[in-house]
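Engineer: Residue-level listing of the chains:
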Amino acid sequence: MIQALAFYLFATIVIASGVMTIASRNPVHSVLWLILAFFNAAGLMLILGAEFIAMLLVIVYVGAVAVLFLFVVMMLDVDFAQLRAGFAKYLPFGTLLALVLLAEIVFAIAAWNAGGIAVGARAAPVDPNVPNIQALGTVLYTRYLYIFEAAGLVLLVAMIGAIVLTHRKRSDLRPQNVSLQNQRRPKDAVRVVTDQPVGEGVRL
Amino acid sequence: MTEWFQGTLGYGFGWFTATLILILMIALPLMLAVAMIIYADRKIWAAMALRRGPNVVGPFGLLQSFADGLKVMLKETIVPSAANRGLFLIAPILTFTLALIGWAVIPFGPDMVLSDINVGLLYILAVSSLSVYGVVIAGWSSNSKYPFYSALRAAAQMVSYEVSVGFVLIAVILWAGTFNLSGIIEAQRSHVWIINGFGFNPLLFPMSVIFFISALAETARAPFDLTEAESELVAGFQTEYSSMSFALFWLGEYGNVLLMCGLNATLFWGGWLPPIDWAPLYLVPGIFWFFAKIMLFFFFFSWVKATVPRFRYDQLMRLGWKIFLPISLLWVFLVSGYMMLTKEQCPTDRGILAAITTDEQADRYLPSCRSGMPNLSNGQRRAGAAS
Numbered sequence: 023m024i025q026a027l028a029f030y031l032f033a034t035i036v037i038a039s040g041v042m043t044i045a046s047r048n049p050v051h052s053v054l055w056l057i058l059a060f061f062n063a064a065g066l067m068l069i070l071g072a073e074f075i076a077m078l079l080v081i082v083y084v085g086a087v088a089v090l091f092l093f094v095v096m097m098l099d100v101d102f103a104q105l106r107a108g109f110a111k112y113l114p115f116g117t118l119l120a121l122v123l124l125a126e127i128v129f130a131i132a133a134w135n136a137g138g139i140a141v142g143a144r145a146a147p148v149d150p151n152v153p154n155i156q157a158l159g160t161v162l163y164t165r166y167l168y169i170f171e172a173a174g175l176v177l178l179v180a181m182i183g184a185i186v187l188t189h190r191k192r193s194d195l196r197p198q199n200v201s202l203q204n205q206r207r208p209k210d211a212v213r214v215v216t217d218q219p220v221g222e223g224v225r226l
Numbered sequence: 036m037t038e039w040f041q042g043t044l045g046y047g048f049g050w051f052t053a054t055l056i057l058i059l060m061i062a063l064p065l066m067l068a069v070a071m072i073i074y075a076d077r078k079i080w081a082a083m084a085l086r087r088g089p090n091v092v093g094p095f096g097l098l099q100s101f102a103d104g105l106k107v108m109l110k111e112t113i114v115p116s117a118a119n120r121g122l123f124l125i126a127p128i129l130t131f132t133l134a135l136i137g138w139a140v141i142p143f144g145p146d147m148v149l150s151d152i153n154v155g156l157l158y159i160l161a162v163s164s165l166s167v168y169g170v171v172i173a174g175w176s177s178n179s180k181y182p183f184y185s186a187l188r189a190a191a192q193m194v195s196y197e198v199s200v201g202f203v204l205i206a207v208i209l210w211a212g213t214f215n216l217s218g219i220i221e222a223q224r225s226h227v228w229i230i231n232g233f234g235f236n237p238l239l240f241p242m243s244v245i246f247f248i249s250a251l252a253e254t255a256r257a258p259f260d261l262t263e264a265e266s267e268l269v270a271g272f273q274t275e276y277s278s279m280s281f282a283l284f285w286l287g288e289y290g291n292v293l294l295m296c297g298l299n300a301t302l303f304w305g306g307w308l309p310p311i312d313w314a315p316l317y318l319v320p321g322i323f324w325f326f327a328k329i330m331l332f333f334f335f336f337s338w339v340k341a342t343v344p345r346f347r348y349d350q351l352m353r354l355g356w357k358i359f360l361p362i363s364l365l366w367v368f369l370v371s372g373y374m375m376l377t378k379e380q381c382p383t384d385r386g387i388l389a390a391i392t393t394d395e396q397a398d399r400y401l402p403s404c405r406s407g408m409p410n411l412s413n414g415q416r417r418a419g420a421a422s
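So the sequence lines, in the order shown, correspond to chains A and B.
For what it's worth, the numbering used here labels the leading residue of the first sequence as 23, then goes sequentially.
For what it's worth, the numbering used here labels the leading residue of the second sequence as 36, then goes sequentially.
Hints are computed from structural coordinates only; laboratory data are not their basis.
From the derived model, a few chain A residues whose C-beta atoms are all more than 10 Å from chain B:
no. : residue
1   : Ile35
2   : Val41
3   : Thr117
4   : Leu118
5   : Phe129
6   : Asn135
7   : Val176
8   : Val179
9   : Gly183
10  : Ser193
11  : Asn204
12  : Gln218
13  : Gly221
Stretches of chain B that chain A covers, calculated by requiring three or more beta carbons in the stretch to come under 8 Å of a beta carbon on chain A:
no. : stretch
14  : 146-160
15  : 170-183
Derived DSBU-like pairs (lysine-lysine); straight-line CA-CA distance at most 35 Å:
no. : chain 1 : residue 1 : chain 2 : residue 2
16  : B       : Lys180    : B       : Lys357
17  : A       : Lys191    : A       : Lys209
18  : B       : Lys340    : B       : Lys106
19  : B       : Lys180    : A       : Lys191
20  : B       : Lys180    : B       : Lys340
21  : B       : Lys357    : A       : Lys191
22  : B       : Lys180    : B       : Lys110
23  : B       : Lys340    : A       : Lys209
24  : B       : Lys357    : A       : Lys209
25  : B       : Lys357    : B       : Lys340
26  : B       : Lys340    : B       : Lys110
27  : B       : Lys78     : B       : Lys106
Even glycine gets a Cβ: it sits at the ideal position worked out from N, Cα and C.
From just these sequences and the hints, can you work out the full model?
Structural biologist: Structural data, given as structure tokens:
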């Protein structure tokens, strides 16, 4: 009973906040509704018994990706009235897209009801008693090791690309060199002036 | 206790009641602890500045925090007219709630933990990554310059230090072999000869220092309190807040500080275990050791606050990205290398071993270690057919 209750609670909030993401006038509100949707999707994962995926969803999407979204949207000066001005122009195309998506969903559900396609034995039958971090680890680091490392390399390439694109040398800055500062000793910086004539400034 | 309630009230309702009582048993003392810790913070800070600190309300000023709380509660809640009203009020509630829910997985003693989940550490990481939203929403919804600057700083700061915290946690998890916090504490029992605690291990000690400093940055405590740098940003994201909504920020902030102290104690210094694995020390209940460690770390927090000047913003970013990130990355490499060289590589977990019964499964999941499997005869060993 409690599972059904939790499922309907999470599912309702996911759908409602998804709708609010589109419907809300303020872009920051949209992002916050999106975050709520992510969070409740994590709740759905928990009900499925995939606690590792649920926590990753919260850490990666809510904790990192959505913060960046929020960051960007907060900084942007989006005039939503202007964006909405094109609403009528894009209405036919948008409707077409919506219809295509709807048809695909209907087909998918029909296919599912018809029994689906037999894809043979599942690749990795896992004992339900093994915690799913261990189960995932044993599969990921043995059977799919090369694919996993390839995925890591793709991310590395993306990261280097992002750094190369945004990195630029600026000549008008004087960056702080901490190790140089730490190497500075009193004898480099202090000078004792003894025979200073009265009425003259110290020569630097 | 849960069993007793389930016996008397029926399974579902009994569980509900017992959990509710357990939550209150954590949350109420926590609130009291926060009040006293604010007092302690001010006293320590005052002592280091050769002042007396709060000494008027109650004996030694002990009731100062309660007087402050009462005062704040009686004030008028002011919502700025240009503010985004709903979000403005949600932000402090969010901060306060997130400071509380992290405690659900912290073990206070042997079997004294509200929810002993096997992704405990990930849960803590998730909660701490959420806590940035309280600050960001507060700063944005105030619709005022200084809170907004503060929110931007907070977002960048917390995201940056989350990265090195993540790597530190990976080193701990590698050594403990589990995400469960009780399991991590058990793994620290007589870790270095008879001393309990990962922090005494020379390989993990640098990680504990990095974790401590990152914890200061995560909670926006003194040398890294750029989010409320009063010389630049008035009071940061709290500028427009008054009355109870301000108090909730205050409580949430100190609740987070206590949680970070508790995590320091749990991850590196043995949690509820006594410092030395010696039988008479176990006569003292574990919860006292845990509280003693939390208090010690809180003293370190206020010590730093009293003595270290505030970082400049670019220095903060430099420390996070150019120093902590490479060091912790290197250390994850070192720790995992050490583990590979010294520890047994094949799983000894009964769950996994029992799940693998056929030759094919063993080749598929554990291609390089067949000797430790009870379910397979040793003669069946073949070259691993990985991938």
